[in-house]
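FYI, the numbering for the sequence shown is 215 to 834, going by my numbering.
Think of the hints as simulated: they come from the structure by calculation, not from any bench.
Be aware that a few hints might be false.
Said to hold, decoys possible - Distance condition first, Cα-Cα at most 20 Å in a straight line; then the derived DMTMM-like pairs of lysine to aspartate or glutamate: (1) K326 / E545; (2) K494 / D415; (3) K609 / E543; (4) K326 / E301.
To be verified - FRET-style restraints, in silico, Cβ to Cβ: (5) D688 / D753: 36 to 46 Å; (6) Q664 / E486: 48 to 58 Å; (7) E790 / S693: 16 to 26 Å.
In this text, a Cβ means the ideal position worked out from N, Cα and C, and glycines have one as well.
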Amino acid sequence: MASVCKTRQVKYFSAKRVVEALVTLVAMAILVPAVGAQSLAPLEYTVRFPSPSNHYAEIEMVVPTDGQSTVELMMAVWTPGSYLVREYAQHVEAVTAVTPDGRTLAVEKSRKNRWRVESPGLDRFTVNYRVYCRDMSVRTNWVESDFAMLNGAPTFLTIADSQPRPHDIRLELAPGWTESVTGLPRGERGLSHTYRASDFDTLVDSPIVLGNPATYEFAVEGVQHQLVNIGEGGIWDGSMSAAHIEDIVREGYETWRFFPYERFLFINMLTEAGGGLEHKNSTLLMGSRWTTRDRRRYLRWLETASHELFHAWNVKQLRPIALGPFDYEQEALTPSLWMVEGLTSYYGMLMVHRAGISTREEFFDSLSGNIEELQTTPGRLSQSAAESSFDAWIKYYRRNENSLNSSISYYTKGAVIGFLLDARIRQATQGRRSLDDAMRNAYEQYSDDQGFRPEEFEAVAAEVAGIELLNWFDRAVRSTDELDYEDALGWYGLAFQVDEREDVPAWVGLNTRIDRTGRLIVTRVPRETPGYDAGFNVDDEIVGIDEYRVNSEDWSQRLGLYKPGDTVRVLVARREQLMELEVQLGEEPADEWKLVPVEEASAEQNRNLDAWLGSGRDVP
Numbered sequence: 215m216a217s218v219c220k221t222r223q224v225k226y227f228s229a230k231r232v233v234e235a236l237v238t239l240v241a242m243a244i245l246v247p248a249v250g251a252q253s254l255a256p257l258e259y260t261v262r263f264p265s266p267s268n269h270y271a272e273i274e275m276v277v278p279t280d281g282q283s284t285v286e287l288m289m290a291v292w293t294p295g296s297y298l299v300r301e302y303a304q305h306v307e308a309v310t311a312v313t314p315d316g317r318t319l320a321v322e323k324s325r326k327n328r329w330r331v332e333s334p335g336l337d338r339f340t341v342n343y344r345v346y347c348r349d350m351s352v353r354t355n356w357v358e359s360d361f362a363m364l365n366g367a368p369t370f371l372t373i374a375d376s377q378p379r380p381h382d383i384r385l386e387l388a389p390g391w392t393e394s395v396t397g398l399p400r401g402e403r404g405l406s407h408t409y410r411a412s413d414f415d416t417l418v419d420s421p422i423v424l425g426n427p428a429t430y431e432f433a434v435e436g437v438q439h440q441l442v443n444i445g446e447g448g449i450w451d452g453s454m455s456a457a458h459i460e461d462i463v464r465e466g467y468e469t470w471r472f473f474p475y476e477r478f479l480f481i482n483m484l485t486e487a488g489g490g491l492e493h494k495n496s497t498l499l500m501g502s503r504w505t506t507r508d509r510r511r512y513l514r515w516l517e518t519a520s521h522e523l524f525h526a527w528n529v530k531q532l533r534p535i536a537l538g539p540f541d542y543e544q545e546a547l548t549p550s551l552w553m554v555e556g557l558t559s560y561y562g563m564l565m566v567h568r569a570g571i572s573t574r575e576e577f578f579d580s581l582s583g584n585i586e587e588l589q590t591t592p593g594r595l596s597q598s599a600a601e602s603s604f605d606a607w608i609k610y611y612r613r614n615e616n617s618l619n620s621s622i623s624y625y626t627k628g629a630v631i632g633f634l635l636d637a638r639i640r641q642a643t644q645g646r647r648s649l650d651d652a653m654r655n656a657y658e659q660y661s662d663d664q665g666f667r668p669e670e671f672e673a674v675a676a677e678v679a680g681i682e683l684l685n686w687f688d689r690a691v692r693s694t695d696e697l698d699y700e701d702a703l704g705w706y707g708l709a710f711q712v713d714e715r716e717d718v719p720a721w722v723g724l725n726t727r728i729d730r731t732g733r734l735i736v737t738r739v740p741r742e743t744p745g746y747d748a749g750f751n752v753d754d755e756i757v758g759i760d761e762y763r764v765n766s767e768d769w770s771q772r773l774g775l776y777k778p779g780d781t782v783r784v785l786v787a788r789r790e791q792l793m794e795l796e797v798q799l800g801e802e803p804a805d806e807w808k809l810v811p812v813e814e815a816s817a818e819q820n821r822n823l824d825a826w827l828g829s830g831r832d833v834p
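Take these sequences, add in the hints, and give me the full structure.
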């Protein structure tokens with residue numbers, strides 16, 4: 215953290231934290247000689263791209279032995295922020311080792327993600343391997359002729375079970391590439407395309423992009439930021455997006471009142487993919503180069519960028535105990551992802567609006583989308599926010615056709631909980647305090663290496679609100695009870711607008727797709743729908759209605775000839791067997807989760823709304 219940042223942060227430290235910090239400093243002063251004597255030599259990597267069009271990165275790795283006759287190397291199996299064991303070792307090939315004078319050393323695969331090297335009498339040896347890089351996501355690698363994108367976990371081997379040590383990286387750019395970009399600092403000698411990670415955690419936390427990016431720089435409160443775009447193609451509006459990112463960064467500072475980093479990079483891969491992943495001083499984003507030409511899509515991209523920036527405080531510093539230090543070979547289970555991801559999603563929307571980029575109507579549209587998604591997901595009655603968080607490793611990232619019925623997104627429900635918790639605190643304190651205060655207080659008490667337990671974060675929120683909130687959290691976070699929107703709507707003068715329709719269409723409630731051969735295939739059967747009650751299965755082919763063939767193009771049109779309450783017989787093919795299902799058609803649900811201000815809102819409600827959203831630098 216920069217000195218200016220530290221100065222701004224210290225005013226939030228409690229006396230207890232100050233005393234704890236002094237004790238720690240004294241202890242460190244006593245231990246410095248011993249630690250210095252045991253300092254470990256760095257791991258040194260050279261990364262080459264001899265044929266980038268073939269999607270390979272070649273890595274040469276100089277490994278100090280620390281006097282050990284056998285050294286075991288490890289590759290991470292997952293990436294922090296993306297809670298799934300992804301088995302990155304599947305992309306590693308041709309692991310070899312040699313002595314400094316070129317003699318071959320024995321290399322044995324000891325686990326799915328470990329390699330054991332026999333190195334008797336050596337102070338160091340060199341390992342060579344290559345990694346196949348053609349997985350376009352924010353947590354994996356991609357190499358092609360135009361650029362390379364590398365993440366630490368799926369790229370770099372390290373010494374298993376080792377104490378922290380520096381990891382030095384030298385990049386050899388492919389012909390035609392001019393720049394390398396990463397949040398890592400320059401190496402000790404300051405050479406171009408050389409970087410140093412203080413430890414493996416930092417290396418994993420620092421994506422690297424090579425190529426010919428378009429870079430936009432700006433400073434907020436003296437702290438440097440960059441938007442780095444790969445693939446603008448003359449289509450993406452770099453200047454506009456950089457200006458809006460600067461507005462969001464400024465709003466982040468207004469919310470937290472300090473920066474937890476010395477500089478920050480928004481690395482934006484315009485690769486027609488999507489997603490974002492947080493890091494301590496950077497984020498890796500993905501989108502379409504056409505996004506800046508579509509207002510709605512562009513706002514969603516800005517909300518993603520805002521979300522990932524907010525993570526610099528919430529999860530990269532303020533985190534559940536389970537999310538650090540990391541074991542890169544085991545799942546990190548926590549019931550608090552609703553907080554670190556869901557509340558971050560809430561602020562991702564909120565900061566875009568507070569920054570004056572989205573109108574109130576656009577903000578309400580985004581927030582309403584989260585509410586609607588939650589309220590129309592049958593799984594909300596089967597899985598709580600805490601359970602969704604804990605089971606992310608086996609459910610959220612391993613979705614199937616029944617996930618809609620059995621689970622929810624901790625992002626979505628967490629964002630809605632954030633909206634309701636913010637309103638609860640504001641109401642309890644008559645507008646004097648908010649969720650902003652709770653987040654700052656939690657940061658003061660539990661950031662950095664300490665981490666928090668679920669009950670500790672909840673206690674901070676209750677303290678800020680000045681009321682007991684255990685029952686509130688029990689219901690909102692740990693139960694499958696329906697959320698209560700009444701208090702929040704009343705405080706802000708909002709309501710859910712229900713679509714008024716004269717003719718209500720008949721409804722089966724199935725999700726379908728047209729396959730390559732033109733067949734109409736059932737893809738999801740949501741619970742509490744006529745299709746579910748009738749016994750439809752995923753992968754059923756819909757063939758006919760009431761003894762008449764129906765093709766994929768006129769399924770909806772044919773249903774439109776019936777009324778809610780009618781009973782129809784639908785012919786389906788299930789694993790080549792024809793069968794008839796009797797369906798009593800229902801009413802297509804109306805859109806009933808759109809937030810709108812009430813026309814008769816009181817002056818107090820309007821003040822509450824303005825205090826929450828700002829008086830409004832609404833843009834057209």
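Tested hints:
For the proposed pair K326 and E545, the alpha carbon gap of about 16 Å is at most 20 Å, so the pair holds. Note on K494 and D415: the hinted pairing holds, with a Cα-Cα distance of about 11 Å set against a maximum of 20 Å. Restraint check: the Cα-Cα separation between K609 and E543 comes to about 19 Å, which is no more than 20 Å; the hinted pair holds. With a CA separation close to 8 Å, the supplied pair K326 and E301 stays within the 20 Å bound.
At roughly 39 Å, the beta carbons of D688 and D753 sit within the given window of 36 to 46 Å. For Q664 and E486, the hinted distance range of 48 to 58 Å is not satisfied, since their beta carbons lie about 41 Å from each other. Take E790 and S693: their Cβ atoms lie about 44 Å apart, and the range 16 to 26 Å is violated.
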